[in-house]
Amino acid sequence: MSAGNTAIPAGPRPDRTSAARWGLYAFLAISALFFLTPLYVMIVTSLKSMDEIRAGYILQFPAEFTVAAWTKAWNSACTGLNCNGIKVGFFNSVRILVPSVIVSIAVGSLTGYALSLWRVRGADVIFGALMVVAFIPYQVFIYPLVRIFSMAGINQTLFGIVVIHTIFGLPTMTLLFRNYFASLPPDLFKAARVDGAGFFQIFWSIMLPMAVPMIVVAMILQVTGIWNDFILGLVFAGRENLPMTVQLNNIVNSTQGERAYNVDMAATMLTALVPLAVYFGSGRWFVRGIAAGAVKG
Amino acid sequence: MFARFGRFRSRTAAWVALLPALAIILVAHAGSTGWTIWMSFTSSRMLPNSNFVGLRQYVTLFNNDRWLVSIHNLAIFGTLMVVGALAVGLLLAIAIDQRVRAENVLRSVFLYPFSMSFVVTGLAWQWMLNPTHGIQKLVRGWGFADFQFDWIVRQDTVIFTLVIAGVWHAAGLVMAIMLAGLRGIDDEIWKAARVDGIPTWRTYASIVIPMLGASFATAGILLSASVVRLYDLAVAMTNGGPGLASEVPAKFVMDHLFERGNLGLATAAATSMLITVVSIAAPLFYARARARAQETRR
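Protein sequences appear in the order of chains W and B. For the first sequence, the positions run 1 to 297 when my numbering is used. For the second sequence, the positions run 1 to 298 when my numbering is used.
Don't read these hints as lab results, they were simulated from the structure. It cannot be assumed that every hint is accurate.
What the hints assert, rightly or not - From chain W, some residues computed to sit far from chain B (all C-beta separations above 10 Å):
1. THR66
2. LEU97
3. GLN156
4. ASN179
5. ILE206
Said to hold, decoys possible - Incomplete in silico selection of chain W near chain B, CB under 10 Å:
6. PHE35
7. GLY198
8. ALA267
C-beta: ideal position from N, C-alpha, C; glycine also.
Looking at chain W on its own, in the form it has when it is part of the complex (with noise of 0.2 Å):
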């Protein structure tokens, strides 16, 4: 080693007594094998016949792989009498995914960026009210916005769902830009001004290009938090636009007869893919993203 490698990680001196040592691996081996093992059965249920499935195991491996229940779940697995597969509900949650990321993202930028640089009167009033908001249950809220919403004709619709998202997103993505704003250093804002450049000229040629890591930060945050959404797709969005995990637990739990466990779970892997994507695809940037949007208040 060199000597100028003198970075000490935090947390104590290694404890070199190999028993010790021993019986940290195995916590962490026992851990890692209940934290993998739902997922396990999950895949391996998926390619397994119904046969083998009664016959044997749930940790087994699938002692012949067929790809029928994935094929089946995707293109005709039924909810109710509609036998379209969950491709029905994983189109309908893209629909919904785009627009409502972007839009809620969108606003909420823009209102973190006027309550964090812009001494507007009643700021820290405004961004209290959205801190408390984020912990109070949707069922406190659901009633009346549905009643709103059907006099405004957007009940039940793609729009609806749309500015639902932004509602219920709103505080922690204000939250998240707000804060990021407000760390940027302050004399970038003030020559930005004493140039002369407006409200908006600012925001879109200065904050908005800085703030390139938030906005990711804040598409993984609705990317995962919208694609797994149930109960405000299930009373907005529409039997038309009813999302993929509306769509799964109605293919599962309102089955008639004997169930196929398989087509179950093919279709929950389905439904899991994106946010695994999401998760495995941005790696530490998923954790940067709880711990942002973890410190509210």
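Position chain B against the provided structure of chain W, taking the given hints into account.
Just chain B now, with coordinates in the frame of chain W:
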């Protein structure tokens, strides 16, 4: 002259930019909350009415068996889930903090459940815990013919299956928060403890863990928020059953709003949830603010 006009224009622009947020806060957030609270004092059934009945809906609510079961279930679930997730998450964070190999892999493995929805989580565990095909059959197949693990179909144990799924989903989040807290602790403290010959476990128990107050409060706030919101997991995994054994308050509200057409009772339940959240969140926020203030003083 122009500069002043520009400043005025920008001030106005800032307010214009805040209009969507203001509209959302006033109408969607504050307005809906007020309307819900108001409806809880009326005799509204299928449709809202303005027939003021005082606290009658609350009296009915707290004599309603299903509501009482729901809050009892939520208390059990909440206590066990929060304590369990905090304990597992803290242990994992401490274990990972021992400069172990493959730290990144382990972190990913512990955190990935948190990226998935409660519906997926509930369905995965519903299948694992299925008495006919799941873990019970597996262990019996290993030769333990009398092994019983049918918790998900028994009224007295079903709530614990929700706890298992909840801890599995959230422990990684606690780990990530705790690990950040542990990494933020000054190395001088470890050096001093080592010089004094204090054993590692003792240093953790008496010095390091008490210093993680802010991390505990953050994790506690996030976990409690998800506890009160518990809905998707219960719907997907057990749908409130068997019987009423895994009913939860959020589901009570939803069913009475949209299926049973009893708005007065549903909004009284929603308002009770709101009061609970405020009374839990306020002390936690206070504790965290204090822990943070202490950290800055140090």
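Inset, instruction - List in ascending order the numbers of the hints, as given earlier, that are violated by the structure. - result: none
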